[in-house]
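Participant: Sequence:
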Amino acid sequence: MSSLSYTFRGLIVPVLAPFTERLTVNTPIIPMYAKYLADSGIKGVLVNGTTGEGMSLSVPERKQIAESWASAVRTTKQHLMIQVGGAPLPDVIDLAKHAEEIEADSILCLPELYFKPANVNQLINYLRIVGEAAPRTPLLYYHFPARSSVNLHMGKLLETVGTQVPSFVGIKFTSTNLEEGSHALRADNRRFVVFQGSNEILSAGCAVGMDSCIPSSTNVFPENVQQIIAAGTRGEGSRAREAQEKLNKALTVISKYGNWSAALKSAMSLMTPINPGPTRPPNARLTQEDIRSMRQELRALGYSVNK
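Everything in the sequence shown is counted per this note's numbering, starting at 21 for the first residue and increasing by one.
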């Protein structure tokens, strides 16, 4: 068994990286961002993930953002998960140590992205190194094969890991393969937490038993996402699917305007009190024409949009 207890279940929001128009880190907005989410009923945040452009940040910037969120959640009492992967291993180790120093509640880690693990045992060895850097903090693996190109079977990982990584407690599963996700959920007598990460199939994930998730759309549609999860976990399949269909219509509008982080940032500035700013290269920011068009389409769906 893991020597660490990890009891958090439910909804975590992968927060967006806050930038100024000059693309410097905008940490002063983070306390307001945390309060907006807390006021919306969100009890956990994930920092420096894919949505948070963690791989477009320097190590000092990643630490700066993590420290600002650690300070903010002391007020909002939200669970703080920090993504430390997607960097050279010495930096990943440094970021894991830092996450533990600032008392993060959990650590999430991508696989090695260049010298990729070819099998589950190689991945476990990598996670062991990361876990040893932060032995007192629960560690989760970030499975996102569409981005990482590491597509090892998560059921097999969770059946194999055993006690090899003492701090290991589960995974973030960003994949539409719910057969694999269901296997992971049941692995080793349901010992591990499995956070679903795909926005468009939250209701389907609930139907196979996933009661925890980390969907990026929650930044803009916290009420809608919570409706899906609440109905889905109560077994109200038709109500969950109806709420999912409403969310998916909005996501279809947003996603057609550019890369996901940039489009979601624009939608957040249009529909919430928080303006997270533009995206950094290589992600291209949306044009003003795109933003105007997105505003019109979201209004046509019945959403209240900022002027």
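Hints are not guaranteed to be accurate.
Unchecked claim - List of simulated lysine-lysine pairs, BS3-like, C-alpha gap at most 30 Å: (1) K97 with K55; (2) K83 with K97; (3) K63 with K83; (4) K55 with K117; (5) K55 with K266; (6) K117 with K136; (7) K136 with K176; (8) K97 with K117; (9) K136 with K97; (10) K136 with K266; (11) K83 with K117; (12) K117 with K63; (13) K97 with K63; (14) K176 with K97.
Stated by the list, open to error - Cβ pair distances, simulated, as ranges: (15) Q84 with G322: 17 to 27 Å; (16) R319 with K136: 40 to 50 Å; (17) I122 with S60: 41 to 51 Å.
These are computed hints drawn from the structure, not numbers from a lab.
Owing to the predicted nature of the structure, the values given are computational and were not obtained by experimental measurement.
Virtual Cβ for every residue (Gly too), placed ideally from N, Cα, C.
Participant: So, for every hint listed, does it hold in this structure?
Facilitator: Verification of the supplied hints:
1. Only pairs whose Cα atoms come within 30 Å are accepted, and K97 paired with K55 is accepted, the gap being roughly 10 Å.
2. With a C-alpha separation of about 20 Å, the suggested pairing of K83 with K97 holds against the 30 Å cut-off.
3. A threshold of 30 Å between alpha carbons decides the hint, and for K63 with K83 the separation of about 22 Å falls inside it, so the pair holds.
4. Of the supplied pair hints, the one linking K55 and K117 holds, its CA atoms being roughly 27 Å apart against a limit of 30 Å.
5. Using a Cα cut-off of 30 Å, the hinted pair K55 and K266 holds, with the two alpha carbons roughly 25 Å apart.
6. A hinted pair counts as satisfied when its Cα atoms are at most 30 Å apart, and K117 with K136 qualifies at roughly 22 Å.
7. For the given pair, K136 sits about 17 Å from K176 by alpha-carbon distance, which is consistent with the 30 Å threshold.
8. For the proposed pair K97 and K117, the alpha carbon gap of about 22 Å is at most 30 Å, so the pair holds.
9. About 36 Å separates the Cα atoms of K136 and K97, which puts this hinted pair outside 30 Å; it is violated.
10. For the suggested pair K136 and K266, the alpha carbons sit about 38 Å apart, so the restraint of at most 30 Å is broken.
11. Pair hint K83 plus K117 holds up; C-alpha atoms about 11 Å apart against a cutoff of 30 Å.
12. Pair hint K117 plus K63 holds up; C-alpha atoms about 24 Å apart against a cutoff of 30 Å.
13. Pair hint K97 plus K63 holds up; C-alpha atoms about 7 Å apart against a cutoff of 30 Å.
14. Restraint check: the Cα-Cα separation between K176 and K97 comes to about 35 Å, which exceeds 30 Å; the hinted pair is violated.
15. At roughly 39 Å, the beta-carbon separation of Q84 and G322 lies outside the given 17 to 27 Å, and the hint is violated.
16. Under the hint 40 to 50 Å, the C-beta atoms of R319 and K136, about 44 Å apart, fit the expected range.
17. Taking the beta carbon of each, I122 and S60 are about 24 Å apart, not inside 41 to 51 Å as hinted.
Hints 9, 10, 14, 15 and 17, counting from the list given before, are not met by this structure.
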